[in-house]
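S.K.: Each chain, letter by letter, is given below.
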Amino acid sequence: MVPTNYYVILSAILFGLGVFAFVFKRNIITIFMSIELMLNAVNLAFVAFSQALGKLDGQVFVLFVIVVAAAEAAVGLGIIILIARNRQTLNVERVDLLKL
Amino acid sequence: MGHEMTAPLVVFFVLAALAVIGAISLIRQKHPIHSALSLIVVMVALAGLYLLLGAEFVAAVQIIVYGGAIMVLFVFVIMLLNAGVEEHTSISKMAGAPGLLLVVALAAFVAATIARSADRIQTTSQAGEMSSTLGISSMIFKEFVYPFELTSFLILVAVLGAIVLAQREKI
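Heads up: the protein sequence lines correspond to chains A and B, in order. Each step along the first sequence adds one to the number in our numbering, with nothing skipped, and position 10 is 10. Positions in the second sequence are counted from 1; adding 1000 to them yields our numbering.
Residues from chain A that face chain B, not an exhaustive set, calculated with beta carbons under 10 Å:
1. Asn-5
2. Ala-21
3. Phe-24
4. Phe-46
5. Ala-48
6. Gln-59
7. Ala-70
8. Ala-73
9. Leu-82
These are calculated hints, taken from the structure and not from any lab test. By construction, the Cβ of each residue, glycine as well, lies at the ideal position given by its N, Cα and C atoms.
Could you put the whole structure together from the sequences, leaning on the hints where they help?
M.R.: What follows is the structure, encoded as structure tokens:
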């Protein structure tokens, strides 16, 4: 039996790495991937607490988070394709004008 | 902690190390396709952790939806856009310092919160005894039936949004 704390600490570490990638990376696709990493870290905490409390609500929430992440990925990648088509770059530092 | 290394603990540490290494690799890699492959490693490791937690259905959904559908979408877009090696400017090097600071502060805050509330989490002994897939399905279609139906609407809107955003010529 693994203590719940270990899972939550791992979740915090993964979330922190996701935040760092979000701030540090400059490729818009990688930034988007770091958001997925953060969502995954939160999912781990949900499942860990669900198991610790003996209730299944946490696992149901994880399913909803996964659905929202899938919808977000579809729309977000559409936006990325649009940006790449209009700006010919994926570097977020070169996407700094509201109007072309 | 004085714990002896039982089999679940060993599996946990192996999968946790895999997940953390994958996440660090996501940051270290310069090419987005390598970052995407690192993220798949993280997701598979997390699926293993879900199995360890007795959440078989979530583990299966994690592999199918995250490791399968979403990552295929990512890799597809990376190849469609022919994304090259990431370029770093002086601003992005400067962003590393506040980013690191932010992560350390966040991790310290979370660790302090966990340490303070660790004794308040009461672990129930009967956890994992009931079939989690059966319980989840009955919860989704009884208590959470309205949110569940709303997610189908959300997916419909997302599909329409993606089509409208990605189309080349105006209809």
